[in-house]
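> Chain residues, written in single-letter form:
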Amino acid sequence: VNPDALYAALVDLHRGLDDDQSALAEARLTLLLAEALGDVERVRRLVAEARAIFDKPREAGDARPEEER
Amino acid sequence: MPFELEWVSLYTFQCRRLARFRHGRVLFLGDAAHQVSPFGARGGNSGIQDSDNLAWKLALVIAGKAPASLLDSYESERGFAADENILHSTRSTEFISPKGKARRRLRDAVLSLAADHGFARAMVNSGRLSVPCILPAEGLQTPDAEPWPGGVPPGAALPDAPLRAAGGRDCWLLGAVGGRFAVLLFEPEAAAEARLADTLRHHPVGADIVVLRSMAPATGDAWLHDHARLAEQRLALQPGCACLMRPDQHVAARWRAVDAKAILAALDRAAGRTGPPNIEAAA
Chain A
1 VNPDALYAAL VDLHRGLDDD QSALAEARLT LLLAEALGDV ERVRRLVAEA
51 RAIFDKPREA GDARPEEER
Chain B
70 MPFELEWVSL YTFQCRRLAR FRHGRVLFLG DAAHQVSPFG ARGGNSGIQD
120 SDNLAWKLAL VIAGKAPASL LDSYESERGF AADENILHST RSTEFISPKG
170 KARRRLRDAV LSLAADHGFA RAMVNSGRLS VPCILPAEGL QTPDAEPWPG
220 GVPPGAALPD APLRAAGGRD CWLLGAVGGR FAVLLFEPEA AAEARLADTL
270 RHHPVGADIV VLRSMAPATG DAWLHDHARL AEQRLALQPG CACLMRPDQH
320 VAARWRAVDA KAILAALDRA AGRTGPPNIE AAA
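One line per chain: the protein sequences are A and B, in this order.
Counting from 1, one number per residue, gives the positions in the first sequence under my numbering.
Counting from 70, one number per residue, gives the positions in the second sequence under my numbering.
By construction, these hints were calculated from the structure, which means they are not laboratory data.
We put the CB at the ideal spot given by N, CA and C, even for glycine.
Straight-line alpha carbon distances no greater than 30 Å define the calculated BS3-like cross-link-like pairs of lysine-lysine that follow:
1) B:K168 - A:K56
2) B:K330 - B:K134
3) A:K56 - B:K170
Distance ranges between label pairs, derived from CB positions:
4) B:K134 - A:V47: 47 to 53 Å
5) B:I165 - A:E35: 18 to 24 Å
6) A:L17 - B:G99: 46 to 52 Å
7) A:R51 - B:E75: 39 to 45 Å
8) A:R51 - B:V95: 39 to 45 Å
9) A:L37 - B:L87: 35 to 41 Å
10) A:R51 - B:P231: 51 to 57 Å
11) A:G38 - B:P218: 23 to 29 Å
12) A:L32 - B:A234: 51 to 57 Å
13) A:A5 - B:G99: 58 to 64 Å
14) B:D185 - A:A8: 22 to 28 Å
Whenever a hint applies, use it, and build me the whole structure from the sequences.
And the structure:
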């Protein structure tokens with residue numbers, strides 16, 4: 001994968017769109033990418049990765065969802 | 070599509086359940102035990118399913134034919150169903166009224182993709198219609214001893230099928246079982262059927278025998294004709310097989326061949342008179 005081409009392809013999503021339109025286009029893209037992956041478990045892992053910078057690190061072995069800790 | 074709002078109102082609801090449905094001699098069911106959103110017809114349906122599940126157990130316990138611990142299975146089975154209903158209900162609620170801008174945008178993205186993409190259309194969740202839950206194939210149920218591809222596994226509710234009684238009267242499979250335990254036999258051998266009937270006669274709980282045949286025999290009248298072969302198809306029946314039905318029309322167990330001893334053991338287990346075999350061995 002050419003990293004510059006990949007980045008440019010994602011930037012292209014926002015061409016000529018205002019912020020609200022961009023956000024909706026992003027949500028559509030998320031759904032299309034998730035469907036293309038075709039694997040709920042992989043999507044769950046990527047969701048966890050995407051929000052990892054906001055989540056408190058879990059203690060080892062603590063598999064409970066965030067809101068229960 | 071442009072539209073005009075005629076009437077707007079707000080209502081609130083809760084998705085919640087009691088931790089325990091049985092408190093000794095007090096049993097909770099329906100809205101008293103669990104509450105869901107109105108999407109999917111889960112409130113009324115689950116209340117009726119609760120009473121279907123409880124009534125026969127209560128009757129057996131009151132008659133002294135099953136121990137009071139059978140009532141604990143009401144709580145575990147219907148608690149399982151309530152959790153399933155609450156999960157579906159919570160998901161529908163999330164889709165219909167997303168909390169916050171980002172969640173609403175995700176929902177709107179699904180709607181905007183739905184016209185052209187089947188996967189997005191399938192995500193549109195305005196309430197998944199309630200269907201009977203499949204109870205765990207353990208507890209009162211006896212898991213399949215042999216592989217049985219397709220059909221209706223132990224724990225699932227029996228689907229209906231059109232039948233014809235001897236004499237030509239049209240009837241339905243769900244009209245032929247229910248209210249009592251029943252053993253459904255498909256194309257049984259006469260000797261096996263007679264042995265089973267004899268064994269069941271001496272059992273305190275007992276079970277009706279319902280015989281299905283795909284070809285109407287010339288003699289006798291104690292059978293139902295599966296003339297459209299839909300019972301055979303929907304239950305994936307093979308000649309000689311047997312299904313034990315609970316009084317609430319859920320499948321308790323099924324066998325490739327009529328084994329009276331196994332059927333009695335499954336009947337005792339389904340009536341809460343014995344635990345699953347491994348628990349018995351450990352005790």
